[in-house]
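Participant: Residue numbers (the working numbering), protein chains in the order written: chain D, 1 to 250; chain R, 1001 to 1250; chain Z, 2001 to 2250; chain G, 3001 to 3250; chain E, 4001 to 4250; chain P, 5001 to 5250.
Using 25 Å as the maximum straight-line C-alpha spacing, the simulated SDA-like pairs for lysine to any residue come out as follows:
#1 R:K1231 <-> R:N1246
#2 G:K3188 <-> Z:T2057
#3 Z:K2143 <-> Z:T2057
#4 E:K4245 <-> D:D207
#5 G:K3143 <-> P:F5202
#6 R:K1052 <-> R:P1011
#7 E:K4052 <-> P:F5183
#8 R:K1245 <-> Z:F2202
#9 G:K3231 <-> G:V3187
#10 E:K4153 <-> E:S4165
#11 D:K153 <-> D:T57
#12 E:K4052 <-> P:H5007
#13 P:K5238 <-> P:G5164
#14 G:K3211 <-> P:V5147
#15 Z:K2211 <-> G:G3102
#16 R:K1211 <-> Z:L2146
#17 Z:K2231 <-> Z:E2055
#18 D:K211 <-> E:G4102
#19 Z:K2231 <-> Z:S2165
Derived by calculation from the structure, the hints in this document are not laboratory data. Given the structure is predicted, the values throughout are model-derived calculations rather than measurements.
Protein chains: 6
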Amino acid sequence: MHMLLHHASWPEVEAYLERSKGVLIPIGSTEQHGPNGLIGTDAICPEVIARKAAEDTQMLIAPTFNVGIAQHHMGFAGSMTLRPSTMIAAIYDWVASLSRHGFDRIYFFNGHGGNIATIQAAFSEIYADRSLGREGDNRRAVKCRLVNWWDFKPVLDYCKQTYGSAHGSHATPSEVAVTYAAFPHAVKHAVMEPAIAPSGRFTDAEDYRAKFPDGRIGSDPSLARAEDGEKLIALSAKSLAEDFKNFTTS
Amino acid sequence: MHMLLHHASWPEVEAYLERSKGVLIPIGSTEQHGPNGLIGTDAICPEVIARKAAEDTQMLIAPTFNVGIAQHHMGFAGSMTLRPSTMIAAIYDWVASLSRHGFDRIYFFNGHGGNIATIQAAFSEIYADRSLGREGDNRRAVKCRLVNWWDFKPVLDYCKQTYGSAHGSHATPSEVAVTYAAFPHAVKHAVMEPAIAPSGRFTDAEDYRAKFPDGRIGSDPSLARAEDGEKLIALSAKSLAEDFKNFTTS
Amino acid sequence: MHMLLHHASWPEVEAYLERSKGVLIPIGSTEQHGPNGLIGTDAICPEVIARKAAEDTQMLIAPTFNVGIAQHHMGFAGSMTLRPSTMIAAIYDWVASLSRHGFDRIYFFNGHGGNIATIQAAFSEIYADRSLGREGDNRRAVKCRLVNWWDFKPVLDYCKQTYGSAHGSHATPSEVAVTYAAFPHAVKHAVMEPAIAPSGRFTDAEDYRAKFPDGRIGSDPSLARAEDGEKLIALSAKSLAEDFKNFTTS
Amino acid sequence: MHMLLHHASWPEVEAYLERSKGVLIPIGSTEQHGPNGLIGTDAICPEVIARKAAEDTQMLIAPTFNVGIAQHHMGFAGSMTLRPSTMIAAIYDWVASLSRHGFDRIYFFNGHGGNIATIQAAFSEIYADRSLGREGDNRRAVKCRLVNWWDFKPVLDYCKQTYGSAHGSHATPSEVAVTYAAFPHAVKHAVMEPAIAPSGRFTDAEDYRAKFPDGRIGSDPSLARAEDGEKLIALSAKSLAEDFKNFTTS
Amino acid sequence: MHMLLHHASWPEVEAYLERSKGVLIPIGSTEQHGPNGLIGTDAICPEVIARKAAEDTQMLIAPTFNVGIAQHHMGFAGSMTLRPSTMIAAIYDWVASLSRHGFDRIYFFNGHGGNIATIQAAFSEIYADRSLGREGDNRRAVKCRLVNWWDFKPVLDYCKQTYGSAHGSHATPSEVAVTYAAFPHAVKHAVMEPAIAPSGRFTDAEDYRAKFPDGRIGSDPSLARAEDGEKLIALSAKSLAEDFKNFTTS
Amino acid sequence: MHMLLHHASWPEVEAYLERSKGVLIPIGSTEQHGPNGLIGTDAICPEVIARKAAEDTQMLIAPTFNVGIAQHHMGFAGSMTLRPSTMIAAIYDWVASLSRHGFDRIYFFNGHGGNIATIQAAFSEIYADRSLGREGDNRRAVKCRLVNWWDFKPVLDYCKQTYGSAHGSHATPSEVAVTYAAFPHAVKHAVMEPAIAPSGRFTDAEDYRAKFPDGRIGSDPSLARAEDGEKLIALSAKSLAEDFKNFTTS
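This is chain D alone, in the form it adopts within the complex (with noise of 0.2 Å):
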């Protein structure tokens, strides 16, 4: 059942609960994604995803950790970022949250590579209390995990044949592809010079933007299509359906 929590009641999630302790975080980023991507695209994609999954499967979504670790991304404007220890407290926050509810299969499906390392520090942050011995606090035990929406070989396949070479690893044309499914109005296009973007590693938001002068790493997202857009979403959809079911039935 498709259940969204900002759209139930109490009494719905008391219900939920009955039947389930997982619950799926969207998580992403608001961060540039090149000349004509759109910046919300971290968010949008694991939401719009998720969504799909839910259609058919039992699936509590909570409403979308929106802003992360994007701060190689300031120096393009609209983006925004948390500090790293900030964001550990909010993801702290909200788990405890959820688990006090009895909620204990927490379901983060992201939409940002750089926010990985932050949640899984986050996720550390989390169970060392436990770890450490403070098991005096009634807060249960509860497994975190983190996934990303590109993860299943399905879309890995699916991008490496519809791409190639010109996926790359920021501003991909497969994440353009799926918010412009989600978001026909908000198409927009722009010529990519060069039209594969360079690439290579990066440290803070000067040096990114000095290396990546339109935002763009190693992709060619003018490829993008909505249409492919829709089959990226069904395919991760899928896939996540059932990979939510065994973790939350483990």
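Assemble chains R, Z, G, E and P onto chain D, guided by the hints.
Facilitator: Coordinates of chains R, Z, G, E and P only, in the frame set by chain D:
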């Protein structure tokens, strides 16, 4: 021009900044709203009203800050809360990010009374950096403003005249009506017992639940109608458009 | 019985706890109060009024929390401020200490409007510990209450009738009068120009000083008279005694 | 010239700053002091002595930092403590505030041995900002100094000769005598059993109470006399005046 | 030139800085490594390999960061952990210290997979300072790099070919072999049951111990031989020397 | 029995815990020690002495806490510092980890005077958890002890008699001698000008460097001889063994 930060590209934000340094952040909460109210009510209201306001005004809308201070609601399934110290850190980072790009009028459009104190504390935390003489850093002075969607006189008048003494202060028919107008499929029905919920002060979650067993305070949200929600949205949006314009051009 | 915590011995406090679980904390600020106002005004007022109230009531008075949120006053020599995050941590520790001994009614009697938001945020920080299910720790539930010394109707009425539109909101004649009543040797004289100071909003210290060059907001504190201060002390103390009694026996 | 910051106006502080950049902060604790000692002893002593010293010297006295590190006293009713991390943050803010106005000689006049380590740690926290190369901020270099009221040789000599082996290290007759001199109405009487309390090390509150059942360490505070307190105040104040002058003009 | 920071004098470091701005920090963990593995394995490996690498290369080696993220190992005696938030603060300070002297290439040579996320989060915390526009402070831009000692292809190949499917992921024969090569007196013998430990995911310490009762994951560390450790040290050191040189001269 | 935690396996630590609940943490600093002193001096001394002491005594030695409070040395290349707030958090985690396993006598053996205040503050932070009534958590009471390697009377006597007025307080010949005994290859030679360095107080790094241009305070470390270092190690180790035994069996 209607403009969601999440649907914009960075060059579009750059262009917007040539015309305006103002940005609006809808800020809400994820918390129970009684037997027939949505858990996302406090996030949905400012978000929906801001989008309405942005139809005719130049207004950039940031993503919604969607989990706030709801410790007192934790006795009801689905409620989520930040600790105030976490929320201050997060707001600090959001504002630091936006000011980095040149935004210097940050308008927090709020949907939850319980957030007010902490948002104001966050503003002081932000201002204190400059006030304590740390002008060495390059961040410019920002002005933050906090307005609740129900603060405008036309909204207050409408509520008083429509709901009278059944309006109450939590899970009010007005806020529920706004969410029903926004999401008709999420309309819920519940018998309220008593018709008007009790009122009073509260401290922590246990205390709250003991005093307000179904979550409402002083209200009868069974009076919520989508058509009234439409009117409330229109009234609040009109005032907001004007207030935002005044703020960003002052 | 008049009882200052600082003048009591621990056996005396132990005996007091047999009779009452309530304690009052005067909470103020150290900040400029215009050309003829004392920098300690906001700490002195609640302290003096509380001592008066305690003459006929059972009331234990803790030491004064004497530096608060005054970042906006930092443009004037002698002002001191905490960052809100620091103040929350400190209030948290004060309450944790008192609740350790069995105090469960903590009454914050406040002298500074700028403190209100942060004190309320601190209360939420304290309550959140329990609300998030950390009942494992042995600290009992506490109830905190925040009242400003001018909140009582008789005080408000007296101010309105005595000062009318010259009362203003910072460096008011009423608060200055209270300090003059308490410390006659500290009475100061200054010509106010203009007679009534400007009013308006403000952000950081630079902004504040630009708008309110001598520190006052909307007031004419040259109207302050020690004899009016005496009356204000008496009025506020009478209401406080009653309110404190109600709170601690509820 | 005697000058309490709390009794001054901002123009008076501005004028003071023309003559001196030095300010004194009495710093104490709120903690049990045995059967006949005042809970506020450690705050009262430095406050009273500083005011005495300020009678003949140019010395601005800030409000008293009145809750310190007293975790080990929490087994006795009325004791209050900060965690050291909180105290460091608070001292950091106090010094940042004062240095903002141009004070660059901050003299902490201390009444509690248990505060010493944390105050020194706070100094390092403050200095570290500059030492780590954050000179970009406009805050100037400050020098902080920590002196206990009993550190001066004449005071030490007087204690040794007056109390000998009954002086001890907590709830000493000397500190109790100072409070009796300051607040004659608060003099208390109690039979000490044994006459001289046991001595030794301690860790947390439970350990402390087990070893020192009435709160004293190594002392017989029944020897406290107000007239000796007067002498101690005079002796310490004289040394303080000189030391403060040396510090602020160095 | 082989150079340990701990064995150098400050004039020697000053001279080194004329030639290079690069410094290496061995970073490990203090945690159980199965029945025959050393608790210090993850600190010892990068330390030993770095010293080997430094024999022929210009490389300054900082002290070892020796307690990391090991909350999941807390079910086994002797394991120690930082919370991630603490580790981020500590790494922040280490890098701030080194960059103060002009080091701008900070190479973290890591021995513990569980550290990776938190180290990367720490890098983002450091970069965020600059990216959020705090360039006012004088700290220069630094580049941080994280490499695990087993990341180099020759090492991976050697492990695969020597241990095959008995390598596993915790308490691996390769890391145990390195410590045996370094500290022959510490070689231990234990019967492994089963020969190859189980594999799988884990959350907190209780969960970990339940799944991996003797501490190993997927490995048979009874295969560890000091002579293989020598080879692993040589292989990793060779690659490290090259990689460090590339990094510090880029 | 000599036992380094880093060289032990978890079953060995488990066995140790059957016999003793005591553990020793060498704690030092990474900071300049004048023209001929090692930057690692303050970490090396307690580490070397502890290992010596452990030869004949039952003593488990944890890894060395090797970066401490050295903000004042940051004007000299190679020095590293934590902020005190960071160090408190780290010590808190180290002790929480060890107490999790049943260690309840934690002996900090210190090599740096500048660490003392912050270590003591950390102890109070740890004890405060219990003292504020958080006994709900399962962590048991721990006793922490701080001893400097030079605190023992035989060591003090030896220093006085060997170096007299040339001992000083930073970069002393005694500590340099200990490092020379431990690492003969690291002996350095430098002409001291003046022979005995100046003495005095200091604040931040700039102030320190101005007053002590080559880093020494009051000492002539050219007197350091490896053979004296041997004696110092032996003297301190003997006292340590005894003191550790008393502490862990008390």
